[in-house]
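Asker: Sequence:
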Amino acid sequence: MLTSIGIQGFKSVHSQVLELGQVNVFIGANGSGKSNLLEAVGMLSAAADGRVDADHLLRRGVRHGVPGLYKTSLKGMEQSAIVLKADGSWNDVGTDYEVTFDNSSSGTWIYVQEKLCGKKLMLSPKNTIRRAVVGKTLGQSRKNIGIFSFNIDESAEAPETKLYTALTDYAIFTPTTPVLRGIQPDIVPSEPLGLLGGRLAEAVEEILDLENESLGGVDLDDVLDLLDWVDEFDITAPSRELLSPHVPSLRSLVRFRDYWMNEKHNLVSGYDASEGALYVLFTLTLALHPRTPGFFAIDNFCQSMNPRLARGVTRLFCRLMLESDPTRQILLTTHSPLVLDGLDLRDERIRLFAVDRSHVTGGATKVSRVRLSDKVLEKGEKGMPLSMMWNMGVLGGVPDIF
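First residue of the sequence shown: 1, per the numbering used here; consecutive thereafter.
Hints listed in this document are in silico derivations from the structure and should not be mistaken for laboratory results. Glycine is no exception: its CB is placed at the ideal position from the N, C-alpha and C atoms. A portion of the hints provided could be inaccurate.
Said to hold, decoys possible - When the alpha-carbon atoms are kept at most 25 Å apart in a straight line, the in silico PhoX-like pairs for lysine-lysine are as follows:
(1) Lys-143 <-> Lys-75
(2) Lys-120 <-> Lys-143
(3) Lys-85 <-> Lys-143
(4) Lys-119 <-> Lys-143
(5) Lys-71 <-> Lys-85
(6) Lys-115 <-> Lys-75
(7) Lys-75 <-> Lys-119
(8) Lys-120 <-> Lys-75
(9) Lys-120 <-> Lys-71
Unchecked claim - If you anchor each label on the Cβ, the simulated ranges turn out as follows:
(10) Glu-381 <-> Val-17: 29 to 39 Å
(11) His-265 <-> Asn-306: 23 to 33 Å
(12) Ser-244 <-> Ser-15: 52 to 62 Å
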């Protein structure tokens, strides 16, 4: 599992190290830099995969941007090369990868230096030729081609290989309602789920077992308990009984049976259903699907959910992540206070971080881990939940406004 991520010179993040658990939740004001943290990891992922350009960044969920704006550009600070580092440990054996790169006029980033286990990566004569061939095929300079993949052990169990796989599989999921409803295409398609929510019906169908009443091996009642208006759900082909002829549709859609409606008219599609139900299915499918990346992020976790629903989803999601085999690791950002009440911070595998950016930090993003200090424990014993502590500014990660 990855143990830390180091970020220097990326957007608003001047210099920060994230000491990671298995479930990592970031809270903070709008514009504090939470998404920048996720995107820095996306850039590190592309770098490990051998190429950093608009296409390789987008397929990981990193927003398109002017190359010069990827670099930290704070008042009184000179722009410098971006340095990103990942540390990990598998079977108690540690390893790390570090990359330094600069932007070019072509829009494809230049590798200044790569390090593996603290040592500068060098190529054998064979791999030097191999990189030249790759560069020629892509029409790129050798400086635009990373060499991490040329240096990893062939064994899938080697720590360097585990680190490479974790990084290169990484993606940021940011589901949107129109895509989840199936009325807009996902511009970042992937499997099992598109980064904007595409393939929801297909992915749910792949893990839904109605005969054994389970979703990805989890009791279906655990899912239905979160959706109090849903009697049952399944996947079906579009039909005029479910969709208006004026509504575009995909090949399959999620169908819900409404507990409260007349039996003759109690079936609704994802187009007509509560968007919260779609976000719940998306979130749980990510946690349960066997083809979900081992390391991924969700930006704006539990959006469009009632606060109590967000708390319930968080509890179940954390349980599923901690039970995952093989182990999965997640980065989450949220603006929903009750997500915090679904976190068991007594478990070291679950970590909460406050993200701040203010006059005190000189405009740079600062990340602080929220621990169960005596102050937090005392307030908790008096009946104050974490959600209330966050709103009151006790935990940090709030804007300086009243």
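Asker: Now tell me, hint by hint, if it's right for this structure.
Answerer: Status of each hint after checking the structure:
no.: 1; hint: Lys-143 <-> Lys-75; in the structure: violated (30 Å)
no.: 2; hint: Lys-120 <-> Lys-143; in the structure: holds (15 Å)
no.: 3; hint: Lys-85 <-> Lys-143; in the structure: holds (19 Å)
no.: 4; hint: Lys-119 <-> Lys-143; in the structure: holds (18 Å)
no.: 5; hint: Lys-71 <-> Lys-85; in the structure: holds (16 Å)
no.: 6; hint: Lys-115 <-> Lys-75; in the structure: violated (30 Å)
no.: 7; hint: Lys-75 <-> Lys-119; in the structure: violated (34 Å)
no.: 8; hint: Lys-120 <-> Lys-75; in the structure: violated (32 Å)
no.: 9; hint: Lys-120 <-> Lys-71; in the structure: holds (23 Å)
no.: 10; hint: Glu-381 <-> Val-17: 29 to 39 Å; in the structure: holds (32 Å)
no.: 11; hint: His-265 <-> Asn-306: 23 to 33 Å; in the structure: holds (25 Å)
no.: 12; hint: Ser-244 <-> Ser-15: 52 to 62 Å; in the structure: holds (54 Å)
Violation of the numbered hints given earlier is confined to hints 1, 6, 7 and 8; the remaining hints are satisfied by the structure.
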